[in-house]
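Generate the whole structure from the sequences, applying the supplied hints.
Here is how the chains run, residue by residue.
There are 2 protein chains.
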Amino acid sequence: MSIQLNETHDPALRSWVASANTPDTDFPIQNLPFCLFRRAGRNAVFGGGVAIGDQIVSLAALGRALEDADPLARSAAVLGARSNLNALMDAGPAAWSALRLALSRLLRSDAAPRPEILVPQAEAEFAVPAQIGDYTDFYTSIHHATAVGKLFRPDNPLLPNYKWVPIGYHGRASTIGVSGQTFHRPRGQTRGATEAEPVFGPSKRLDYELEVGIFVGGGNARGEPIEAADAERHVFGLCLLNDWSARDLQAWEYQPLGPFLSKNFATTISPWIVTLEALAPYRAAWQRDAADPQPLPYLDYPSLRDSGGFDIELEVLLQTAAMRRDGIAPARISLSNFRHSYWTVAQLLAHHTVNGCALQAGDLLGSGTQSGPQPEEAGSLLEMTAGGKQPLTLPNGEQRIFLEDGDTIEMRGWTKAGRHPRIGFGAVAGTVLPAR
Amino acid sequence: MSIQLNETHDPALRSWVASANTPDTDFPIQNLPFCLFRRAGRNAVFGGGVAIGDQIVSLAALGRALEDADPLARSAAVLGARSNLNALMDAGPAAWSALRLALSRLLRSDAAPRPEILVPQAEAEFAVPAQIGDYTDFYTSIHHATAVGKLFRPDNPLLPNYKWVPIGYHGRASTIGVSGQTFHRPRGQTRGATEAEPVFGPSKRLDYELEVGIFVGGGNARGEPIEAADAERHVFGLCLLNDWSARDLQAWEYQPLGPFLSKNFATTISPWIVTLEALAPYRAAWQRDAADPQPLPYLDYPSLRDSGGFDIELEVLLQTAAMRRDGIAPARISLSNFRHSYWTVAQLLAHHTVNGCALQAGDLLGSGTQSGPQPEEAGSLLEMTAGGKQPLTLPNGEQRIFLEDGDTIEMRGWTKAGRHPRIGFGAVAGTVLPAR
Numbered sequence: 001m002s003i004q005l006n007e008t009h010d011p012a013l014r015s016w017v018a019s020a021n022t023p024d025t026d027f028p029i030q031n032l033p034f035c036l037f038r039r040a041g042r043n044a045v046f047g048g049g050v051a052i053g054d055q056i057v058s059l060a061a062l063g064r065a066l067e068d069a070d071p072l073a074r075s076a077a078v079l080g081a082r083s084n085l086n087a088l089m090d091a092g093p094a095a096w097s098a099l100r101l102a103l104s105r106l107l108r109s110d111a112a113p114r115p116e117i118l119v120p121q122a123e124a125e126f127a128v129p130a131q132i133g134d135y136t137d138f139y140t141s142i143h144h145a146t147a148v149g150k151l152f153r154p155d156n157p158l159l160p161n162y163k164w165v166p167i168g169y170h171g172r173a174s175t176i177g178v179s180g181q182t183f184h185r186p187r188g189q190t191r192g193a194t195e196a197e198p199v200f201g202p203s204k205r206l207d208y209e210l211e212v213g214i215f216v217g218g219g220n221a222r223g224e225p226i227e228a229a230d231a232e233r234h235v236f237g238l239c240l241l242n243d244w245s246a247r248d249l250q251a252w253e254y255q256p257l258g259p260f261l262s263k264n265f266a267t268t269i270s271p272w273i274v275t276l277e278a279l280a281p282y283r284a285a286w287q288r289d290a291a292d293p294q295p296l297p298y299l300d301y302p303s304l305r306d307s308g309g310f311d312i313e314l315e316v317l318l319q320t321a322a323m324r325r326d327g328i329a330p331a332r333i334s335l336s337n338f339r340h341s342y343w344t345v346a347q348l349l350a351h352h353t354v355n356g357c358a359l360q361a362g363d364l365l366g367s368g369t370q371s372g373p374q375p376e377e378a379g380s381l382l383e384m385t386a387g388g389k390q391p392l393t394l395p396n397g398e399q400r401i402f403l404e405d406g407d408t409i410e411m412r413g414w415t416k417a418g419r420h421p422r423i424g425f426g427a428v429a430g431t432v433l434p435a436r
Numbered sequence: 001m002s003i004q005l006n007e008t009h010d011p012a013l014r015s016w017v018a019s020a021n022t023p024d025t026d027f028p029i030q031n032l033p034f035c036l037f038r039r040a041g042r043n044a045v046f047g048g049g050v051a052i053g054d055q056i057v058s059l060a061a062l063g064r065a066l067e068d069a070d071p072l073a074r075s076a077a078v079l080g081a082r083s084n085l086n087a088l089m090d091a092g093p094a095a096w097s098a099l100r101l102a103l104s105r106l107l108r109s110d111a112a113p114r115p116e117i118l119v120p121q122a123e124a125e126f127a128v129p130a131q132i133g134d135y136t137d138f139y140t141s142i143h144h145a146t147a148v149g150k151l152f153r154p155d156n157p158l159l160p161n162y163k164w165v166p167i168g169y170h171g172r173a174s175t176i177g178v179s180g181q182t183f184h185r186p187r188g189q190t191r192g193a194t195e196a197e198p199v200f201g202p203s204k205r206l207d208y209e210l211e212v213g214i215f216v217g218g219g220n221a222r223g224e225p226i227e228a229a230d231a232e233r234h235v236f237g238l239c240l241l242n243d244w245s246a247r248d249l250q251a252w253e254y255q256p257l258g259p260f261l262s263k264n265f266a267t268t269i270s271p272w273i274v275t276l277e278a279l280a281p282y283r284a285a286w287q288r289d290a291a292d293p294q295p296l297p298y299l300d301y302p303s304l305r306d307s308g309g310f311d312i313e314l315e316v317l318l319q320t321a322a323m324r325r326d327g328i329a330p331a332r333i334s335l336s337n338f339r340h341s342y343w344t345v346a347q348l349l350a351h352h353t354v355n356g357c358a359l360q361a362g363d364l365l366g367s368g369t370q371s372g373p374q375p376e377e378a379g380s381l382l383e384m385t386a387g388g389k390q391p392l393t394l395p396n397g398e399q400r401i402f403l404e405d406g407d408t409i410e411m412r413g414w415t416k417a418g419r420h421p422r423i424g425f426g427a428v429a430g431t432v433l434p435a436r
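One line per chain: the protein sequences are L and H, in this order.
Just so you know, we're using the numbering used here here: the first sequence kicks off at 1 and counts up by one.
Just so you know, we're using the numbering used here here: the second sequence kicks off at 1 and counts up by one.
Don't read these hints as lab results, they were simulated from the structure.
Just so you know, nobody snuck in bad clues.
Put simply, identical chains are the same to the list, so a pair is met inside one copy or across any two.
Derived pair list, reagent style SDA-like, types lysine to any residue, alpha-carbon separation capped at 25 angstroms:
no.: 1; residue 1: 163; residue 2: 290
no.: 2; residue 1: 163; residue 2: 199
no.: 3; residue 1: 150; residue 2: 161
no.: 4; residue 1: 389; residue 2: 194
no.: 5; residue 1: 204; residue 2: 159
no.: 6; residue 1: 204; residue 2: 404
no.: 7; residue 1: 204; residue 2: 162
The following block contains the structure:
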């Protein structure tokens, strides 16, 4: 399956919301990503919204504005106005697409301005957009897997299953927060390479991981796998995800059953979910070395090689407490791209369900750390500092091998393609607090 | 913390429900386990219930019967009558205990019989009792870890972290079902030891795992660990759990991030949750070799050594399709005991939250396979057949190394102690259907 371009993708479209027409906005009228929000400082309930420039279209405020729209769009807006986006996610691609078309027409510069449907983003509070039933984290960057494998297993960096199996594991849903999340540095057991016994204390090797989040739309019944060719119809959209990781806890605990306390203390996602329809003009060829094995049939599908991937730039910025105090802007420490992913989003869903596992609307999948082939495309400090051996120097002269208390990590994502405008994912930021 | 015995534990208590007074019932008046049920064959909604003999007390039917009870018991009954037990689980130990006392008094042989509050278990359908936010599976049997380790890593069976870290990993909540669950044999990638490439097909090494499930009661806020000494106040109760496992999928996929598709196609739990208060007379000393390390301080607490464990017999029965056809009863293939667990329930909660991870009411923890030290106490076929090398012979002459289509695995659990009566967990059964 690949989504056909339609009138909502027309690069010439402009909006009566002036801030949506500036070249550097993440949210032109061609994007229209979803969020869950409320007006800040009021005891309002959360409801769905759609970004346009520096404003949010409140789905709860749309009623009259959609009077002449497709009934499917009207009912999708009603579902989206609920206290989370699960029902809208469950409604499926026809409903999502109808709502997108109706919103595109409503917001175009030749339509009547309706400021009453807007809330300024500056006045909004965001929340995790869905009740996440299950969260799964994958490991789709071969560059990350190889670099990290070298640190944990120098003689055996890339395991034999990697080029066959989209490796994944279940993560923690209860500690997923939205951009702005803070957390106390986790404490736990660690053991030095030359020590006989572990010690207990705050993590000394705290890291981030640059990932793309995938929100599942309509799920599948237990026992009924999703076919790879049909899998993108089950994806509501993509967001940014920071999989905070305590490397010293991870090294001691991860065998034989995988990461646990080293990951489950916090995971932060961006408030905005960019739909696959919005991303249709920005697809990328699937990247794989000619010598690599072909995917097994259940992981193959017609559009895989031409356009299985997504060309999304992914940026990591770091601002320390001292930089914040001195008014120094967050510094870019990495720039990668989702097109480097060894497995596609459709392959992840097909693999996840091929054994009969049930996905549900609102489930979240993480792509795994999106490191690219070059050192400056590393998606974690573990890789960037060669396992803590090569410090990173920041604009004010501070150095980092791992994160210090007070550090804020911000991730941004965007894409552009030919005559199609730049569309963005906004940002996901999170800050490390001292251990308790 | 340890729960004091009170009038509800009095071994002399009898009930006006005659079936509760037979010596072999799982559900005498000293037990009173919770479930979620409805009358079968009607479009009734699910609500909470409590077992007494072969009957269920419907919490929704209690209203007038609790008129003279403690208001805390009355409000707990109202919470328990909802469409899942999450609110009752969240209400905390004082509420659970008040409801137990009120039910005990209501059901005693010297109270007025109230048949209108009862539904026969034979007329009930059960459901997973809570909306499970997150499911975590542990690995608390050192006998299982050693036996399985020998098969996967002959030179290194027990990893260095085992005696320090209560090893656990996140599992799949969406595929947890209640006793009676069936599932199609999972398909997936496997690779033979001597093969260069994997193949795709139905699992040939399908197994069960004998586990105890732990339902979390009141949770903790993110960033605020649960102390080991206080941890049992956060446990609503225990059930039986079968962690179905596809060993051939597991061997190929599990490195480096742990089991995924080999486990997440189905997990089956018993309908009954036995509360920690009911289990107070049946505690066991914590078992650990004198040469083993002492637990780190966050895993230690006053009652650990005397009564940290639970003396719960755990039985596995197998009935093949041929046995069912020929009227041959399920055959016992294993008898183990939860007292062999290397880590206690309180230690699991303390460990899970020490990094700040948030538990929520309704979360489920699995104990991991409860194998004992003797071969006949093995909690999985993988161990019992030495990795598929020594077939098991059944009463009708059939042999098994792993599960075949049509096999039903049933697990039972019970305990008794001195003058305290036998109380039981009922059963969890599940049946393998052919691959699709």
